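These protein sequence lines map, in sequence, to chains A and B.
Counting from 1, one number per residue, gives the positions in the first sequence under our numbering.
Counting from 1, one number per residue, gives the positions in the second sequence under our numbering.
Don't take every hint at face value.
Mimicking DMTMM-like on lysine to aspartate or glutamate, the simulated pairs with C-alpha atoms at most 25 Å apart in a straight line are [said to hold, decoys possible]:
| hint | chain 1 | residue 1 | chain 2 | residue 2 |
| --- | --- | --- | --- | --- |
| 1 | B | Lys-342 | A | Asp-108 |
| 2 | B | Lys-342 | A | Asp-88 |
| 3 | B | Lys-203 | B | Glu-180 |
| 4 | B | Lys-320 | A | Glu-14 |
| 5 | B | Lys-342 | A | Glu-19 |
| 6 | B | Lys-320 | A | Asp-106 |
| 7 | B | Lys-338 | A | Glu-14 |
| 8 | B | Lys-338 | A | Asp-120 |
| 9 | B | Lys-345 | A | Glu-99 |
If you want the ones that stay clear, here's a sample from chain B, every Cβ over 12 Å from chain A, calculated [what the hints assert, rightly or not]:
| hint | residue |
| --- | --- |
| 10 | Lys-132 |
| 11 | Asn-181 |
| 12 | Ser-364 |
Hints were generated in silico from the structure; no laboratory data involved.
The structure displayed is predicted, hence computed values, not measured ones.
Every residue, glycine too, gets a C-beta built ideally from N, C-alpha and C.
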Amino acid sequence: MNILFCDDGETILELYVNEVAHSLPMHKLFGAKDGAEGLKICQEHQIDYVFTDGRMPIKDGIQLSKDLQKLASPPKVYMITGYAGTYDEEELLNYGIREVFYKPIDYDWLIEFINNLSQD
Amino acid sequence: MNFLGMDTVDFMPHGHCVLWQEKILYPMVASDVTIFLSYSAIPFGLFYFYRKRTDLSPKVKALLILFVLFIQFCGFSHLITAYNYWNAEYHWELIIKVLTALVSLATAIVVIKNIKALLEIPSPQQYSLANKKLKELNDNLEEQVKARTEELQLKTSLLESIITSIDDGIVEYTPIKDKENNIVDFSARVLNDKIEHQIGLPKENMETDSMNRDFPKYIEDKSFQDFIDIYNNGGRKVYDPSSIKLNQRTYRAIYTKNIQNNTILLFLANITEQENLRMQSITNSRLSAIGELTGGVAHEINSPLQIISGAARQAERQIKDVTEDQKKSFELIRTTIKRISKIVKNLKRLTHQASDEIVTLNISNFLDEVKGFVSMKLNAASVTLISTYKDQDDFSLEANEVALSQILINLINNSIDELADSKENGKEKVIEIQISQNEHSKSIIISDNGRGILEEHLSKIFTPLFTTKEVGKGTGLGLSLSSRLAQNMGAHIQVMHDERTHFHVIFNNKDQS
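The shape of chain A in the complex, shown without the other chains (with noise of 0.2 Å):
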């Protein structure tokens, strides 16, 4: 599976894709760091899972989901946020992204996360 992370923390971005790969080397990770570098990223690739921050420079994450569902094969979009308010969830699948996920997510359970949509 050819998996996007995108966050504008540089650190973040890093330790997703390490834990990640460290425990699921089987997938191909991809990082970017808004949500311009992830759309251009989607374009080249033919990419499966977007896990995209909320709030980013240039494209924010909601954004980000809206110009991916206008190509041929979209990717299946999550949002990993800091926010510290709830975004309203329904308005958000409209906009593609299938769920919320908040701060600090445990890493034992994105693994477990990623690990089960490959499967499905």
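Using the hints, position chain B against chain A.
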């Protein structure tokens, strides 16, 4: 007859001089007698005048007496002249004439001497002129009095309409003084009926002939001293809101000296509604500020936590042969991250909960959460928190989580501040959280073993902006907000005092409230 060596017995009577001619003699005699009678009558008139005019000056009175004597003697001189037409008693005539001459001389001297004073005696014309002027003045005065009376009536009616149209209740306090002129007491009188509307009690409740006897609290809370200050120094004092609390109402009280009659006037207005609105708006803005702040803080904390937990995982994985101590350290990092994460989640949940939502709380979990919020501060101040609320599963509470946690955090923070300030070394600093319930109510009790609250502060601690903390440390809003938050969900806060200070957050059972 010999008189002073004069013997006139051989003299001829005066009738000889007119040769006893009756045509001359009788008219002469008749004229003299008539003059005598007339001259004798005038003194009666003058005497009558003298008696009746009691306002005459002594000079005028003396002059009048001289006139009486002068005229009477003139009369006698005419009488003796008539008598001596047939007789020759010339020595009598001489005596009378000499006396008349003396008296008339004296009268003439006195008249001339006093001519100036006599001239000043107003003439009837002058009198009537003066009277006329006086009357004019009088009429003028009457007009002025009439105008002034009208003006006064206007002012009085204006004053009356002001008194009846203002909503403030007005009470007049009159000082009672002892023999040394010191004010020892005040009496109180209600001046308008609005007071009943303002205090919700009959106005008789405010009236007294002795404040000391009927309102002894006003000495305790220094109002008596304020009264004396206002009385002695004038000016006015405004208490907005006042510390007076009657029937759960909040008042604005304005005391002012009434200089006209040396009393003190109190204008009392019930401002409970405004005060509630004000407190509501303070509460709301405070809560929304807390919401914004925690929201921002949560966001800033979550991302670093994500990094710490990942970094710790990697570090742990990279170390070969992890020692037991290292394992413990990593475990500590994990549990601490979870705890911080939980606090932030709770904060987020709390700040996003509707401010009037009432939920049923599991008290044990709820108080654990509250403890989570204050644990850092407790540790920093070396304060021990004792919880005795565990294992009371039958204790559930209907409350607004945000409000109740705000209240409890405020109370615990106050206790921590107090204990941190107390300089008693060696004494263990303890805060205790208890819960208690009876058939009427359920309470959460926060107590500490600090120095307690001064008696004189007890009545003020729930007043907004009252604080005993140092400048910059306390806003004076904590307890007043807490009290307000409690009221909003039908609870109230009571402070009790023994060797410890206890704050009770009391929820009356539904059927009791």
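* Asked: Are Lys-338/B and Glu-14/A close enough, with their CA atoms no more than 25 Å apart?
  -> holds, 21 Å
* To do: Quickly compare the C-alpha distance for Lys-342/B and Glu-19/A to 25 Å and report which way the hint goes.
  => holds, 23 Å
* Asked: Are Lys-338/B and Asp-120/A close enough, with their CA atoms no more than 25 Å apart?
  -> violated, 30 Å
* Given the hinted pair Lys-342/B and Asp-88/A, is their alpha-carbon gap at most 25 Å? -> holds, 22 Å
* Would you check whether the claim that Lys-132/B is not at the interface survives, using Cβ distances to chain A and the 12 Å cut-off? => holds, 97 Å
* Within 25 Å, alpha carbon to alpha carbon, are Lys-320/B and Asp-106/A? -> Given pair Lys-320/B, Asp-106/A holds - Cα atoms ~23 Å apart, limit 25 Å.
* Beyond 12 Å from every Cβ of chain A: is that where the Cβ of Asn-181/B lies? -> For Asn-181/B, whose nearest Cβ neighbour in chain A is about 69 Å away, the distance exceeds 12 Å, so it holds.
* Was Ser-364/B rightly flagged as not at the interface, with every chain A Cβ beyond 12 Å? -> holds, 25 Å
* Would the pair Lys-320/B and Glu-14/A pass a check requiring their Cα atoms to be no farther apart than 25 Å? -> holds, 22 Å
* **Straight-line alpha-carbon gap Lys-342/B to Asp-108/A, limit 25 Å** => Distance ~18 Å between Lys-342/B and Asp-108/A Cα, so the pair holds.
* For the pair supplied as a hint, Lys-203/B and Glu-180/B, is the alpha-carbon distance within the 25 Å limit? -> violated, 32 Å
* Straight-line Cα separation of Lys-345/B and Glu-99/A no greater than 25 Å? -> holds, 18 Å
Figure legend: structure checked against the earlier numbered hints; hints not met, in rising order: 3, 8.
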